[in-house]
Amino acid sequence: MKIEAQDVHVYYGQEHTLKGVSLSVKKNTVTALIGPSGCGKSTFLRCMNRMNDLIDNCKVSGNILIDGVDINSPSVNINELRKAVGMVFQKPNPFPKTIFENVAYGLRVNGVSNKEYINDKVEWSLKQAALWDEVKDKLKKSALALSGGQQQRLCIARALAVEPSILLMDEPASALDPISTSKIEELIYNLKASYTIMIVTHNMQQASRTSDKTAFFYMGELVEYDDTRTLFTNPKKERTQNYITGRFG
Amino acid sequence: MKRSEKIIEAFLLACSLLTVLTTVGIIAVLLFETVRFFEVVPIWNFLTDTEWSPSFSKDQQHFGIMPLLAGTFLTTFIAMAVAVPLGITIAVYLSEYASNRVRNIVKPILEILASIPTIVYGYFALAFVTPYIQQAFPSLELNNFNALAPGIIMGIMILPLVSSLSEDALHAVPRMLREGSYGMGATKFQTAFRVVIPAALSGIAVSIILALSRAVGETMIVAIAAGNKPTLTFNPLNQVQTATTYIVQTVNGDVANDSIEYKTIYAVGMSLFIITLLLNNISFWLKKRYQQVYK
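Each protein sequence line maps, in turn, to chains H and Y. Read left to right, the first sequence gives residues 1 to 249 (the numbering used here). Read left to right, the second sequence gives residues 1 to 295 (the numbering used here).
These are computed hints drawn from the structure, not numbers from a lab. Take these hints with a grain of salt, some might be off.
As the list claims (entries may be wrong) - Derived pair list, reagent style DSSO-like, types lysine-lysine, alpha-carbon separation capped at 27 Å:
#	chain 1	residue 1	chain 2	residue 2
1	H	LYS97	Y	LYS288
2	H	LYS140	Y	LYS288
3	H	LYS140	Y	LYS6
4	H	LYS91	H	LYS121
5	H	LYS121	Y	LYS188
As the list claims (entries may be wrong) - Covered stretches of chain Y (in silico footprint by chain H; criterion: 3 or more residues with CB under 8 Å from a CB of chain H, positions within the stretch not fixed):
#	stretch
6	62-75
7	173-182
To be verified - Pair ranges (Cβ atoms, derived):
#	chain 1	residue 1	chain 2	residue 2	range
8	Y	ARG289	H	VAL76	41 to 47 Å
9	Y	ALA10	H	ILE55	52 to 58 Å
10	Y	ASN235	H	LYS136	50 to 56 Å
11	Y	HIS171	H	ASN119	33 to 39 Å
Remember, it's a predicted structure, so these values are computed and weren't measured experimentally. The beta carbon of each residue, even a glycine, is placed where N, CA and C say it ideally should be.
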């Protein structure tokens, strides 16, 4: 197993946001996390790279093993962890830098200074994110001049540049138009060969199109976790049934 | 009812017109007297002559603004050299490192610096900072009146302006940008200096320019501690006279109202007005651009 979460609880101050979630993810698969707003799916995703550490008075308990290592143990270097577990956010968040420097950023902050290596890596990452052909002639232009969809693929390229093995995506297409969305989905499908992907989405079709497994969260609990096809065609719990058929949420 | 509404509206309009008229009036007087000054002294002399000696006898009079501007720029430069690095460091600490508790204590204390009367700063520079530097570094041969001490003190005076406004700019940077940086394994320091500061750069620039224009116009500190001798120098150990100090000295002296010497204060005042107006416009323009990027 690539990722194994065992009895994960998260508290924001007094609020108990995640109530004992256990879930295992195989290598090179796409796992979709679905559920209504505030159900804890994003919170769970942000446990994987310890993004919750940045939030004051947030407490996480339980075990999260990545490649068999407990990521919350004191011996884990958090910067190394976040390098290995890349993240793409809900809204494109390119840095106010050039396209090239955005992708090179992760390498530079990790101490890489070899120019040739950085050049190659930037090209490789942009190709992986299916953005290279669109930007290869304007690498020195500001990333903020790109369209929303291009910015999001740039953010994916940026995350890939530091060679993570896991990619976390927090509603990566929610701010994009349908064409950009389908490009991102196609990308997710292609990236599966090299990465283990976990994606939070509000869009049921997106979950069924892109993922191998789907986890349905409700009120901080993991209600059902199964093969995507099974979960969408033959859910075992009534709540799941109600949610995927649009009866609530 | 309708009638009383109208009266109130007229009253409010009159109040706002009053401030507009005052501004227009000040600029008109400044402009009018400045033009009369330049009828006597060619503008070219005013800008290029390297001596300023309006109070000398007629054949030795010089009207070169450069020594006064040199004094102004020298003290301002020293102030900025103190306020900018220190102010931005404080802003980064408060915005990126300090807990809410620390920030809520430190920020108001810093802002107290802005409420100290400038006259207090002035004699602090003269009676404390200058003697202290003289004692600590006797080999410097620091003049009793000099540009260094008031420059440093002025830097401390404008420090809250830089730190507070820069902190606001840093704080306004969306959290998503920080998370994007942390998400790739960047440290707090790298995130602060490579992502957050560049993203807040125009806001920081605005704070610096506002501080700059405050320092250029500052009068009391330099009037007390910088001296009264117009000198074209960039040596901070020397006595200098800033544009503002000159105006204070001349207004307080017994100079005939219609003399050319008296008119100099309008020309100098006009020069200061143009400089600060330019600076404020640059900061306004930067602010507008900045808001476009983030909305």
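Results of checking the hints against the structure:
1. For the hint pairing LYS97(H) with LYS288(Y), the CA-to-CA distance comes to about 20 Å; that is within 27 Å, so the pair holds.
2. For the proposed pair LYS140(H) and LYS288(Y), the alpha carbon gap of about 25 Å is at most 27 Å, so the pair holds.
3. Annotation: proposed proximity of LYS140(H) to LYS6(Y) is violated, straight-line Cα distance about 59 Å (limit 27 Å).
4. The suggested pairing of LYS91(H) with LYS121(H) holds, with an alpha-carbon distance near 24 Å, which does not exceed 27 Å.
5. For the hint linking LYS121(H) to LYS188(Y), the alpha-carbon distance of about 24 Å falls within 27 Å, and the restraint holds.
6. Here's how the stretch 62-75 of chain Y fares: 0 of its residues keep a CB closer than 8 Å to some CB of chain H, so the rule of at least three is not met and the hint is violated.
7. Three residues within the 8 Å Cβ limit are the bar, and the stretch 173-182 of chain Y against chain H gives 8, so the coverage statement holds.
8. For the hinted restraint 41 to 47 Å between ARG289(Y) and VAL76(H), the CB-CB distance of approximately 42 Å keeps it satisfied.
9. Look at ALA10(Y) against ILE55(H): about 54 Å separates their beta carbons, and that is inside 52 to 58 Å.
10. For ASN235(Y) and LYS136(H), the Cβ-Cβ distance of about 54 Å falls inside the hinted range of 50 to 56 Å, so the restraint holds.
11. Evaluation of the 33 to 39 Å hint for HIS171(Y) and ASN119(H) yields a pass: the beta carbon distance comes to about 36 Å.
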